[in-house]
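Read off the chains here:
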Amino acid sequence: KQEVTQIPAALSVPEGENLVLNCSFTDSAIYNLQWFRQDPGKGLTSLLLIQSSQREQTSGRLNASLDKSSGRSTLYIAASQPGDSATYLCAVGGAGSYQLTFGKGTKLSVIP
Amino acid sequence: KAGVTQTPRYLIKTRGQQVTLSCSPISGHRSVSWYQQTPGQGLQFLFEYFSETQRNKGNFPGRFSGRQFSNSRSEMNVSTLELGDSALYLCASRYDRVNTGELFFGEGSRLTVL
Chain A
1 KQEVTQIPAA LSVPEGENLV LNCSFTDSAI YNLQWFRQDP GKGLTSLLLI
51 QSSQREQTSG RLNASLDKSS GRSTLYIAAS QPGDSATYLC AVGGAGSYQL
101 TFGKGTKLSV IP
Chain B
1 KAGVTQTPRY LIKTRGQQVT LSCSPISGHR SVSWYQQTPG QGLQFLFEYF
51 SETQRNKGNF PGRFSGRQFS NSRSEMNVST LELGDSALYL CASRYDRVNT
101 GELFFGEGSR LTVL
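Chains as they are written, first to last, in the working numbering: chain A, 1 to 112; chain B, 1 to 114.
By construction, these hints were calculated from the structure, which means they are not laboratory data. Please note that a few of the clues may not be correct.
Subject to a maximum C-alpha distance of 27 Å in a straight line, what follows is the list of computed DSS-like cross-link-like pairs (lysine-lysine) [stated by the list, open to error]: (1) A:Lys42 x B:Lys57; (2) A:Lys104 x A:Lys1; (3) A:Lys68 x B:Lys57.
With the rest of the complex left out, here is chain A (with noise of 0.2 Å):
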């Protein structure tokens, strides 16, 4: 059974530090992996999808990183703004499931 996990639980920052969240996996045999930000009381929404044959995905001050052998993922944000306070969820799509198997997430204060 995949199990996700993500470290730190919680994470502050004074704005405009560069930080990485991690995300590591129990069964490497994945499609891919998904990370998704949350804000306080609303949905998930999409920040980078790496398939399996990937390294990693860029957009814009977001990079992450996968390491299928060891199971793990990193999320590198660059030059951190108080608009980045949210919860960080990764999730991996196993191969021959249709479901994803997400982490508890990491909640992320940005300090102004």
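Use these hints to put chain B onto chain A, whose structure you have.
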């Protein structure tokens, strides 16, 4: 292009009642999935529909059911509500059912059971 639309956004029910939630996927998307989000358990998969057929089901009791219509719109139903069913119910859609496509979520329906 409109995103995934869920209705109602908020609702309050009492124990023993039933509830029906609705989801309209992104135009052209044929796969609809439902997830339950609670503070304790996080996001858990409920079921997935494709071409009006339930293709995959999570580990939830039979009180949780759903269906998909020919226009890909989906509904989920929870019968005999329990306090523990209080949660944010999220619907997601993708173009195809293969697990390589990007999944897009709606804003969710927040259910409170009293």
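Status of the hints after comparison with the structure:
{"no.": "1", "hint": "A:Lys42 x B:Lys57", "result": "holds (24 Å)"}
{"no.": "2", "hint": "A:Lys104 x A:Lys1", "result": "holds (16 Å)"}
{"no.": "3", "hint": "A:Lys68 x B:Lys57", "result": "holds (26 Å)"}
The structure fails none of the hints (numbered hints given earlier).
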